[in-house]
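Peer 1: Read top to bottom, the protein sequences are chains V and R. Using this note's numbering, the first residue of the first sequence is number 1, and each one after it goes up by one. Using this note's numbering, the first residue of the second sequence is number 1001, and each one after it goes up by one.
These aren't lab readings, by the way, just hints derived from the structure by calculation. These numbers were taken from a predicted model, which means no experiment stands behind them. Glycine included, each C-beta is placed from N, C-alpha and C at the ideal position. Just to be clear, a hint being listed does not mean it is correct.
[As the list claims (entries may be wrong)] Stretches of chain V that chain R covers, calculated by requiring three or more beta carbons in the stretch to come under 8 Å of a beta carbon on chain R:
#1 21-29
#2 53-61
#3 115-128
#4 140-151
[What the hints assert, rightly or not] From the structure, some residues in chain V lie toward chain R, with a derived Cβ separation under 8 Å:
#5 Gly-133
#6 Gly-136
#7 Arg-195
#8 Ser-268
Listed here are the chains, written in short residue letters.
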Amino acid sequence: MKQYSGAILLLAVMLVFPLAVQDAYYQHLMILVLLWVAIGSGWNLISGYAGQVLFGAAAFFGVGAYTAALLSHKLGISAWWGLPLGAVITFALALPFGWVCFRLRGPYFALATLALNEIFRHIATIWESLTEGMVGILVMQTFVSKVPYYYIALGIAVASVLTVEIVVRSRWGYYFVSIREDQDAAESLGIDTLRYKSVALCLSSCMIGLAGALYTNYMGFIDPRVVFSLHDVSIAAILVGIIGGVGTVSGPAVGAFIMVAVMEIFRSGGFGFLGKLSSATGSPFVATLTKYISEAHVLSFGLLVIFVILYLPNGVVGDWPILKKKLLFWRRQATV
Amino acid sequence: MKRFAFLVGVVLAVGVSLAGTALAAEGPIKVGIVLPLTGEQAQFGEIERNSFQMAVEEINKAGGVNGRTIELLIEDDTGKPDVGRSAVEKLISRDQVPVLTGGYSSSVAYAICAVAQQRQVPFVVTTGSADKITEQGWDYVFRLCQPVSEYPKALNSFLGEVVKPKTVAILYENTLFGQSGAKDFAKECEEAGMKVLLKEGYEHGAIDFKPLLIKVKAAKPDFLYMISYVMDAALLMRQSKELDLSPKLFVGGGAGFTLPEFAKNAGEAAENVFTAALWSELVPYPGAKAYYEKYVEKFKTPTEYHGAEAYASMYVVADALKRAKELTPKGIREALVTTDMMTAFGPVKFIAYGKKKQQNSLPTYLMQWQKGVLETVWPKNVATKPYVYPTPAWTK
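Using the sequences provided together with the hints, build the complete structure.
Peer 2: Laid out in structure tokens, this is it:
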């Protein structure tokens, strides 16, 4: 029980968060974090545990998102049905895709997922009669308040993390890791590698698809460039995994938090602090600095990734003992 | 006595500081603006930001809004709808702005509109031009610029009266702006009895257009219509020249074709290209030319219709703030409904027509690049130069 006390405490904090923080802006940011927790966990299961690098998370994200959007746009059914149905449809997509593409290994599989991503983006762009193409689909939001979205996102994020936790502790988890470490050896031990890789992919795709369907419901607007984005979804999913820690249960949660925080702090210039500073001092130097810093938000994340790969190759969670030692060392030096 | 003096001092200090805060509550009126300051559309975002700031400086210098100054809170949307949404959430809930403007790309503007409507904060759309934005029946959304389906209005009358083409080929970038513009234009051409020989989209940011252009050449259309941003536009024209593709005329659907960078990058290949346009500094509106000259003097770079839209938006918002009975989102919305004024971008009045609501209705223009200058050539009554048609072949 003791090992879960931290997680339970965190969950309790998350549960009361929207009641304690009424500011819709922070609630919005937390919803983004929770969304990324689900996507990151999905990526982590197939890539971190089963070792099959997924470069096309956006394919599943977008299919989930479009399922929800099309339900309301074409059939007039509430987009919320997109949550269960989006998971089912991404599952139905992942199964045949895995069956075909798990014949490929390593980078070749990664490239196949990249292709899947691009194929779906093009379909969504060109098939205008179904998807409205780049015009996008608008879904009116159900709630004005952020709180219902927050709790739904929290539910999905917690379910994703729990799924990963349960799966990696089960027999499946050991199969996944053995496939990651040495596929041929796993095969020779009698593990049906194709089957278990498919299991991992299907579970992952469901989590990512759910996040996509929630995105549609929450954002109220999708187009192919947004939800099938290679850069903003597929690669961001990998970065969340890498920063948090590949092959750790809580890694994606930490990674998601760091990513959203870093992006937003830079975009808003330290939540407007730098802007105030520059107008208060009136110095053109600070103003220019502010401008460059807020324009560097993409760069900042790239630098963070480089730093993590160089010094914390197992991510913030995976290398937590090292990080803790370093931090303690600094503190000790500071007191001396 | 000393003690008494100290006490008086303290009371005075407290009193002054309290008065100070009371004054602060009466401080500047905040106006929230969302623009793409980084990312692919940053170039346009910057022109708009400069124009907004220029306008607000003028307004504040002229006495502000009933004695209060306007403070702009400009947020970067990076060209992405979800980021735009974060930005507008911040503006509404943290900064509590009573009115919003800006909105460059259609998809970002769309996402912002949904939030603005839901939170009941009026939003004056500056540039986002997808038709749907004002077709949702949203009563907190106003649009200053023309919707994309109306961009080629002047072009259509030119085609009908002068060129009378029979066939057309359409190339467009695969974005909301390109795809919806191409669709509407194809429909209009067919209604006018023209045959659309080819209608193809390309990836935004593509480099090699020759396969597409060879197809166009084989189809031999009377004219070629292109909806592109600036780099694609320049490359399309340069490669057309290389391939010696000579339809009767080349027409750009606004956006990239109107920018000074287009002429710079395309070089000679830009010569005689027509483009639909919403504005140029030569349009017959008071303040248009002055705005252009002031901008060039201040920022040392030319400006174009996006900047004029931003500049005009600021004046429209300031006008509404002046007339609003109370400075609440609701009060400002009511003032915006009755807007009826002249700006550097043209007359502004938010009316309902067709499926649209609270949409400003403005004429559009046809322009042509002549010796590196974008001249207005149609409608005739505002033309600065006669049009060059038929376009001479490249080889001449």
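Peer 1: When I compare C-beta atoms, does the region 53-61 of chain V have three or more residues closer than 8 Å to chain R?
Peer 2: violated (count 0)
Peer 1: Once the shortest beta carbon distance from Arg-195 (chain V) to chain R is found, is it less than 8 Å?
Peer 2: Given a least distance of 37 Å, the restraint on Arg-195 (chain V) is violated.
Peer 1: Test coverage of the region 140-151 of chain V by chain R using CB-CB distances below 8 Å; three residues minimum.
Peer 2: holds (count 3)
Peer 1: Double-check Ser-268 (chain V) for me: the hint is only fine if its C-beta lies closer than 8 Å to a C-beta in chain R.
Peer 2: 7 Å, holds
Peer 1: With 8 Å as the cut and Cβ atoms as the points, is Gly-136 (chain V) at the interface with chain R?
Peer 2: 6 Å, holds
Peer 1: Are there at least three residues in the region 115-128 of chain V whose beta carbon sits under 8 Å from a beta carbon of chain R?
Peer 2: Contact hint for the region 115-128 of chain V vs chain R: holds, 3 residues under 8 Å.
Peer 1: Holds or violated: is the Cβ of Gly-133 (chain V) closer than 8 Å to a Cβ in chain R?
Peer 2: 5 Å, holds
Peer 1: Count the residues of the region 21-29 of chain V with a beta-carbon closer than 8 Å to any beta-carbon of chain R: does the count reach three?
Peer 2: holds (count 5)
Hint check: violations occur at hints 2 and 7; the rest are consistent with the structure.
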